[in-house]
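Peer 1: Fit chain B to the supplied structure of chain A, relying on the hints for placement.
2 protein chains.
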Amino acid sequence: MDDIESIIELIEAASGTREFDLIIRNVQIVNVFTGEIKPGSLGIYKGMIVSSDVKSEAKARRIFDGNNLYALPGFIDTHVHIDSTLLTPSALAALITPCGTTSVFADPMEIANVAGMNGVKAFIQPGPDLPYHFFIEVPSRVPSAPGLETTGGELGLVEVREMLDWDSAISLGEIDPSKIIDRKREYMEKVMQAQAIGKIVNGHTAGLSREKLVAYACARIADDHECITYDEAKERLSLGMCVLVREGSTERNLEALVGGLLRENAAIDRWMLCTDDKHPDDIASEGHIDHMVRKAISIGLDPIKAIQMATINAAVHFRKEHVLGSLSPGRWADILLTRDLHDLHAEFVFFKGELVAEKGKLVAEIKAKRFPEWLQHTVIITRGRAAGDFELMATKPKVTARVIKIFPDQIVNEEEKAVLVVTDGNIQTAPERDILKLAVVERYGKNGNIGIAFVSGFGLNFGAMASSVSHDHHNIVVVGADEPSMAGCVKAIERMQGGLVVCNGDEILAELPLPIGGLLSDQNAENVIHSLKKMNEAAWSLGCSLPAPFMTLSFISLPTVPELGLTDMGLIDVKEHKIIPPFYPD
Amino acid sequence: MDDIESIIELIEAASGTREFDLIIRNVQIVNVFTGEIKPGSLGIYKGMIVSSDVKSEAKARRIFDGNNLYALPGFIDTHVHIDSTLLTPSALAALITPCGTTSVFADPMEIANVAGMNGVKAFIQPGPDLPYHFFIEVPSRVPSAPGLETTGGELGLVEVREMLDWDSAISLGEIDPSKIIDRKREYMEKVMQAQAIGKIVNGHTAGLSREKLVAYACARIADDHECITYDEAKERLSLGMCVLVREGSTERNLEALVGGLLRENAAIDRWMLCTDDKHPDDIASEGHIDHMVRKAISIGLDPIKAIQMATINAAVHFRKEHVLGSLSPGRWADILLTRDLHDLHAEFVFFKGELVAEKGKLVAEIKAKRFPEWLQHTVIITRGRAAGDFELMATKPKVTARVIKIFPDQIVNEEEKAVLVVTDGNIQTAPERDILKLAVVERYGKNGNIGIAFVSGFGLNFGAMASSVSHDHHNIVVVGADEPSMAGCVKAIERMQGGLVVCNGDEILAELPLPIGGLLSDQNAENVIHSLKKMNEAAWSLGCSLPAPFMTLSFISLPTVPELGLTDMGLIDVKEHKIIPPFYPD
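Chains A and B, in that order, are what the protein sequence lines are.
Taken in order, the first sequence gives residues 1 to 586; the numbers are from this note's numbering.
Taken in order, the second sequence gives residues 587 to 1172; the numbers are from this note's numbering.
Isolated chain A, as found in the complex:
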């Protein structure tokens, strides 16, 4: 990132012996260290800030009139799975850059599950024209549930060690509490390796008991992004963790957490912001980190403090304050200009001293990145093309099935029992009672596994829907009222080499190809948002009543979220961490 010649020239610019590349004149500069706002001009050279009090006679190749707007550092998203957007890093820029997000700390665990370290490598090299800093939180748990799922890639200790050394690696990504509390040596070593080279270890602690939380904290876990209440946040703070306030598409914790901060008038220097999982349509409609900043201010937080949470606090915590998070000399010239510090919308966004967005629109030209061919051909189907592959055989006329009962907008589920008829030895679905078949089809060409069980809550009257986005293993998950439709879905996904699809038999009602690793579209944000809308409409046309059918589908197969999961290996009892039969023996 740093080359000595640039810094030497930067110092020459500061000393007045070298012309600036750009001066942004006439701005009200927000200093995130002192909290002061002072009129001034920002001098920029080779993409870095030189000075915030450039003299009026100073020369520059370009002058930008800041028109008395406020100037603040670009925003930092401290934890995000950008796969949730279905967009490539380049395509995502159209959504987040106009919002003033200039740094993204992403955990690319999805692509790692599909294609291992080489997949991550290909994924994070987004070309030199990406208009935001793209750092990775090195995935610490790929696969999530070893022995209970087939994945395309794995990241062992050797790979994680190598990745931690990458310049683009900013931390070890959210480490699974159970791995620490159960003292799994491989994971402990990942943690200690990160700390040994001066990088932090991100945590996640949803629902941990006090005792487990303390045990987890013993491994010097640096933060948590899953606090829901202010009391939880304060407890984690008191144990030495920073709080990453999360506001994604479904998890929305900002109001409760910032509300608590306001009640107690507490210090905010160990608080920062993240989106975790936010869908492209939500970003398009309400915003990104800027949305969180506005929301925090709207409930009463001092705008300066909200800006600090979105900028310097994150830079300090991730140990990048020497290059990110402020408009100080030597920092990247990532600058957001706004008219109003309360209703804070980015009017202009600069990234490394280049104007990249203006009045809500991306103006940077970004060449669509060409991903390697092998990363666009990751779907290798062995079984699942035939209706018969989805038969679940029983020898009795009726069976009592363990049905995964799902809830809208939640990733937890419950088991419910249902008696199902067996016809020609095959257990039948009962769409009239909303009991459908759920299958996970192994798609890495490794073993042809198909895990089959039953699910309620989708509400399909006929047909099937499927996705190759299926956390965390990203095999093909398919839910259907009938088996031919399920096979139709799998064939469509194989043809698309990943994607979302809705079928009735072999008839395709809607499809959205996700050829990059079976996870990401190669289309722009606008097209993806439009297609996603069509996909939802097609799912609803089958009778589905869920608000976000494909989101629910993508989380249902998780072998790590209670009570039940389904992987290519079968139905998972999450608490017992083992495979169980999909129906009772009797």
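It should be emphasised that the hints constitute simulated quantities derived from the structure, not laboratory data.
Here the structure is a predicted model, which means the values were calculated and not measured.
Where hints are given, some of them may not hold.
[Stated by the list, open to error] Selected chain A positions facing chain B (Cβ under 8 angstroms, derived; list incomplete):
hint	residue
1	Ile8
2	Leu10
3	Arg185
4	Met192
5	Arg270
6	Arg319
7	Val323
8	Ser326
[Unchecked claim] From chain A, some residues computed to sit far from chain B (all C-beta separations above 10 angstroms):
hint	residue
9	Ala122
10	Glu373
11	Glu507
Just so you know, even glycine gets a beta-carbon here, dropped at the ideal spot from N, CA and C.
Peer 2: What follows is chain B alone, placed relative to chain A:
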């Protein structure tokens, strides 16, 4: 520092499956993250904190009754030259450990000037029983003035690179502004190397103009410890630097800086404390970092904020918050117990879970460290044993000399002119006008250089005094009313292999051997303080009127502090950075 077995066992202790080593019961625990004080018990295992809310039924090998005292993290000195104490790291413990200082971030540039990287290596391996964490700020400028002084050791880019990788290296030590502003490549590379491996770069900015300060900040300098006024501190903060408030023996900036903080009710998260140079007698009489904490509180700072400045703020800034600065799980059990949060004196001090001081006394047993023989024989004299070596020849009967005029308690000096008589070709001192000879005798056996000039302000009526502590090159500096006494001093220092001495002719009036690198005593703190008192009394008996004669003497030869310096190479015009004659040609 970290071994995986210990952390695994720590987690077992947290989970209740392993007995604690120690429980400190019944304490009021200060949480530096939330600012709260809560009653509780601290559970400790293998020198680390496990929990601050240990259950009453928990078992431990030892129980310590905290007797309702406040428990807080041990204090951190963020920048110190421990050579200023004349004590070895082991001997220093007797002074600072009872004060509650449990971490010392030291810049060992003095020993590096004497003996290079190997000297530092020998110096910082203080034995396993040292009762404080000893981290080094890797010296960035050894020698300080290349080409203008002879030193025993040098730290080039190669050595600095190697040292930055040491576990004990916490940062790159105070980098000289002129090296950055003048864009010296070697120094720029040291800076960028530190930042590339995630370590910060300490700065020092005394008296820099705004323009130079901005140029310096462009190299992402992380902090400054030389602010005298609050406005200076705020300016540095606004440029992205943290403020290390300094309160040493002579530089006393706390009142002005904390006063400013109080006036503006400003955030303190980027503020911390250091002593820089503090003499052993001052530490013994008034305290160490605890003295600063008390002083800050006495002028009105909230005790919690004062404690944060002395603990967690430093840990965060130096990127060690995962192991230092709080009483959180996984951190070293460095704990100070006190009865009173306002008049804050350490009643008990624990280091890594061991009781090391009690009621102002060190109770840890520390084996005196054996330094290598070669580090105890660093004084190699070529010239300086004969009075004639101190003659300064002129061909005229009188000359106008450039006299270094010194001021009590200041390291800056001014040039004054004085007409001096030449007898037998040798320019004479004029003790009656307080014009004495000053010489710097090269003592590394390299070239036999002796730099000679004149000085006023010492006030000796007769005799001479000398020191092998002579910043930054640490040759022998000697000031005298006559040349035989000067030679007597040099012979004594050669015999002692370093030290302080006061002579009248060959008669030794007082001496304090400093055999370790010519810088440090091998005696304990009490003896050194006593000897230092005797040394000052001897200097005063010659007529010297300075409050700290040897301190003044040790700084006078600096070739980097205006207006004049004297090294073995001669008189230095500091601003012009060149050698000049000690008297005018006419």
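Peer 1: All hints, please: hold or fail.
Peer 2: Cross-check of the supplied hints:
Here the hint on Ile8(A) is kept, as its CB sits about 5 angstroms from the closest CB of chain B, short of 8 angstroms. Taken as an interface hint, Leu10(A) checks out: its beta carbon lies about 5 angstroms from the nearest beta carbon of chain B, inside 8 angstroms. Interface restraint check for Arg185(A): the shortest CB-CB distance to chain B comes to about 7 angstroms, inside 8 angstroms, so the restraint holds. Interface restraint check for Met192(A): the shortest CB-CB distance to chain B comes to about 5 angstroms, inside 8 angstroms, so the restraint holds.
Proximity of Arg270(A) to chain B holds as hinted, the smallest CB-CB distance being about 7 angstroms (cut-off 8 angstroms). Proximity of Arg319(A) to chain B holds as hinted, the smallest CB-CB distance being about 6 angstroms (cut-off 8 angstroms). Because the closest C-beta pair between Val323(A) and chain B is about 7 angstroms apart, less than 8 angstroms, the hint holds. Interface restraint check: Ser326(A) against chain B, minimum CB-CB distance 6 angstroms, threshold 8 angstroms, status holds.
Every CB of chain B is more than 10 angstroms from the CB of Ala122(A) (nearest about 25 angstroms), matching its label as outside the interface. For Glu373(A), the condition that its CB be more than 10 angstroms from all CB atoms of chain B holds, with the nearest at approximately 34 angstroms. At roughly 55 angstroms, the least C-beta separation between Glu507(A) and chain B is larger than 10 angstroms, which holds for a residue marked as non-interface.
In summary, this structure violates none of the numbered hints.
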